[in-house]
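Start from the sequences and build out the full structure, keeping to the hints where you can.
Chains A and B supply the protein sequences, listed in that same order. Each residue of the first sequence is one higher than the last, beginning at 18 in the working numbering. Each residue of the second sequence is one higher than the last, beginning at 18 in the working numbering.
The set of hints was computed from the structure by calculation and includes no laboratory data. Small disclaimer: the values here were computed from a predicted structure and weren't measured. Check before you lean on any hint, since a few could be wrong.
[To be verified] Label-pair ranges, simulated between beta-carbon atoms:
hint: 1; chain 1: A; residue 1: 206; chain 2: B; residue 2: 283; range: 55 to 63 angstroms
hint: 2; chain 1: B; residue 1: 284; chain 2: A; residue 2: 79; range: 46 to 54 angstroms
hint: 3; chain 1: B; residue 1: 77; chain 2: A; residue 2: 206; range: 44 to 52 angstroms
hint: 4; chain 1: B; residue 1: 117; chain 2: A; residue 2: 178; range: 51 to 59 angstroms
hint: 5; chain 1: A; residue 1: 36; chain 2: B; residue 2: 115; range: 32 to 40 angstroms
hint: 6; chain 1: B; residue 1: 155; chain 2: A; residue 2: 57; range: 42 to 50 angstroms
hint: 7; chain 1: B; residue 1: 268; chain 2: A; residue 2: 188; range: 47 to 55 angstroms
hint: 8; chain 1: A; residue 1: 284; chain 2: B; residue 2: 154; range: 27 to 35 angstroms
hint: 9; chain 1: A; residue 1: 274; chain 2: B; residue 2: 283; range: 42 to 50 angstroms
hint: 10; chain 1: B; residue 1: 62; chain 2: A; residue 2: 201; range: 36 to 44 angstroms
Every residue, glycine too, gets a C-beta built ideally from N, C-alpha and C.
Number of protein chains: 2
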Amino acid sequence: MLNLQLPLARHCAFIKLRLVILRVPVHGLLTIDLQCCEGDNILLNALEKKLRSLLHGNIKRVKRLPALIRGAAVDRYWPTADGRLVEYDIDRVVYDEDSAYQNIKIMHSQQFGNILILNGDVNLSESDLPYTQAIMGRGKENYAGKEVLILGGGDGGILSEAVKLKPKMITMVLVEDCVPVLKKYVEEGKTFDYVINDLTAVPISTAPEEDSTWEFLQLILDLSIKVLRPTGKYFTQGNCANLTEALALYEEQLGRLSCPVDFSKEVVCVPSYMELT
Amino acid sequence: MLNLQLPLARHCAFIKLRLVILRVPVHGLLTIDLQCCEGDNILLNALEKKLRSLLHGNIKRVKRLPALIRGAAVDRYWPTADGRLVEYDIDRVVYDEDSAYQNIKIMHSQQFGNILILNGDVNLSESDLPYTQAIMGRGKENYAGKEVLILGGGDGGILSEAVKLKPKMITMVLVEDCVPVLKKYVEEGKTFDYVINDLTAVPISTAPEEDSTWEFLQLILDLSIKVLRPTGKYFTQGNCANLTEALALYEEQLGRLSCPVDFSKEVVCVPSYMELT
Numbered sequence: 018m019l020n021l022q023l024p025l026a027r028h029c030a031f032i033k034l035r036l037v038i039l040r041v042p043v044h045g046l047l048t049i050d051l052q053c054c055e056g057d058n059i060l061l062n063a064l065e066k067k068l069r070s071l072l073h074g075n076i077k078r079v080k081r082l083p084a085l086i087r088g089a090a091v092d093r094y095w096p097t098a099d100g101r102l103v104e105y106d107i108d109r110v111v112y113d114e115d116s117a118y119q120n121i122k123i124m125h126s127q128q129f130g131n132i133l134i135l136n137g138d139v140n141l142s143e144s145d146l147p148y149t150q151a152i153m154g155r156g157k158e159n160y161a162g163k164e165v166l167i168l169g170g171g172d173g174g175i176l177s178e179a180v181k182l183k184p185k186m187i188t189m190v191l192v193e194d195c196v197p198v199l200k201k202y203v204e205e206g207k208t209f210d211y212v213i214n215d216l217t218a219v220p221i222s223t224a225p226e227e228d229s230t231w232e233f234l235q236l237i238l239d240l241s242i243k244v245l246r247p248t249g250k251y252f253t254q255g256n257c258a259n260l261t262e263a264l265a266l267y268e269e270q271l272g273r274l275s276c277p278v279d280f281s282k283e284v285v286c287v288p289s290y291m292e293l294t
Numbered sequence: 018m019l020n021l022q023l024p025l026a027r028h029c030a031f032i033k034l035r036l037v038i039l040r041v042p043v044h045g046l047l048t049i050d051l052q053c054c055e056g057d058n059i060l061l062n063a064l065e066k067k068l069r070s071l072l073h074g075n076i077k078r079v080k081r082l083p084a085l086i087r088g089a090a091v092d093r094y095w096p097t098a099d100g101r102l103v104e105y106d107i108d109r110v111v112y113d114e115d116s117a118y119q120n121i122k123i124m125h126s127q128q129f130g131n132i133l134i135l136n137g138d139v140n141l142s143e144s145d146l147p148y149t150q151a152i153m154g155r156g157k158e159n160y161a162g163k164e165v166l167i168l169g170g171g172d173g174g175i176l177s178e179a180v181k182l183k184p185k186m187i188t189m190v191l192v193e194d195c196v197p198v199l200k201k202y203v204e205e206g207k208t209f210d211y212v213i214n215d216l217t218a219v220p221i222s223t224a225p226e227e228d229s230t231w232e233f234l235q236l237i238l239d240l241s242i243k244v245l246r247p248t249g250k251y252f253t254q255g256n257c258a259n260l261t262e263a264l265a266l267y268e269e270q271l272g273r274l275s276c277p278v279d280f281s282k283e284v285v286c287v288p289s290y291m292e293l294t
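What follows is the structure in C-alpha cells.
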C-alpha cells in the first residue's frame, strides 16, 4: 500500500467517486475494499447484509477495519519498531522539513505530546522521559563534575536531563561525525566518565542487509570503550522491548568484543512506541 | 474495508495472485494498492522507483503502510475506543466461542498477556490491573466485612481483587439482569456498602443513536443510588482517557440526577487500550 502526493492537491476541487473492489484472493476468503473520499459505512453495511443473504449466513468470520485515511494533511500512521501498523492520535503537524541529513517531522499527539519523527521513524516524544532516564542510569549515577560524551541524542532529551545534574562538560556528537571524532579522541588520549550511545537501534537479525549496522555498532562500541576512563560507564539502548530476539543478538555481540566486558540491563517501555509500561 | 471468511478456506490450496490497483481518487493524490498472498516489497519498491522517474521526482509526500494481513488465522487488528486502527502483537487465539449473549474471544498478546475481546471490543487484559484498582477506589477503601455489588465485571478482574480484601459478601449481576435485579433490591430495601458499575462505557456523543445508552446509564445510576447505604460509595468508569468529550458529557449527566451527588474522578490509563501510562 503506497500513497504518493503530488503538488497538485491544493489546487483542484475534490471529485467524489467511490470504488469498490470485491475479490476472492484465495478460496474461502472474500475481501472487499471500498475507496471513497469520505467515510461510507452505509454502503459497507448494505454490502455485508447482501453478502450474508447471498451466502445464506454461511460465513465463518467477518472483519471490518476502520477507514485508512490516505493523502490527508496530517498523517496518523507510524509503524512500531516491530513493524506493526498503528494509527496515532496525531492532530497537527508542528514542523516538517528536510535537513541536509534527513527528513525531520514534529507531530503533535494528544496522548504523547510532540513526537519527533526522523525519516519516518518515531524517535522520541514528550511522554518518553522513562527512555531518557533509563539510558542515563536511572538516577543511580552521579554526574556532578563529570565529563559526559553523548553520541547522537539529537532530540535533546539526554542533554536536557544531563545539564540538570551539573556535569563538568557535556560533548554531543552527530551520528555522521561519531567515527572520525571518536578516532581523534583515541589518538589524543581524551577520555570521559560517561559515554551515552543514543545512536541507532540494534538490528533485528544478522541477515546480510543488517550487517553494516552491526559493524557500525561494534565499531562505535570499540571506540567508546577506548575513550572511557577505567572508572567510566557506557550506556546504550538496544531495541524496543518486544524485540527480544534483537536484544539477545546484542548480548551475543557483547561477548565477542576484543576486551571482556561486564554489563547489566534494564527493560523500560517507551510510551510513544506503544509499549506496555 | 471488509473481510469475509467462508468455511472453505482450509480445504483449498492457496493460489498466489497479485493484484495492483493504481488510482487517482482526487487530483494530486495517487494511491497504489498491492494485494498479494505474501509480502511483496520488491514490487512496491520497483513501482515507487518507476513513478519517481516518470513524475521527475515531483512528489510532495510518499507514504507506505505495512501490509494489512486479511483472513489470517490470528486477527491482529482491534481498533481503540476512539476508533483508531491498531495492530496488536497477538500471536495466538486462546478461545473463540459464541455464548447466548455475545462472541467471546481470548487472544494472547506478548505485551499484554491474554486479552478478552467481547463482540470485537477489547475488554480487559492481564496487563490491566490499573483499571481494576482504579474502579475499586485505588487501595483507599476498606472492603473488609462490607457488602459489595458488582454490576457487570464479567471478566472477573474486580471479583479477583475484591475477594482478597475480605468483604462480607460480593454479589455480581450480569448486564442483562441489572435492571430487574436492582429493581427487586429497591423493592426489598436491600442495600450495599459499595456498588461498582463495570457495565458499558459512556457514549461519545448525545446523538440519537447513543440515546439508549445514556438512558440505560442513567437508569442504572438512579437504581444504584437507591440501593446504596448512606455511607456507601458508587464507583464506575467513564470511557477511555482520550475521549475527553465523552467524559465531560458524563459529568454533565451527573448534574442532572434527581438527587444531588458529589463526585471525584481519577484518570488512569489502561495498557491494552494503547493509552499512555
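* When the hints from earlier in the document are held up against this structure, which numbers fail? -> 2
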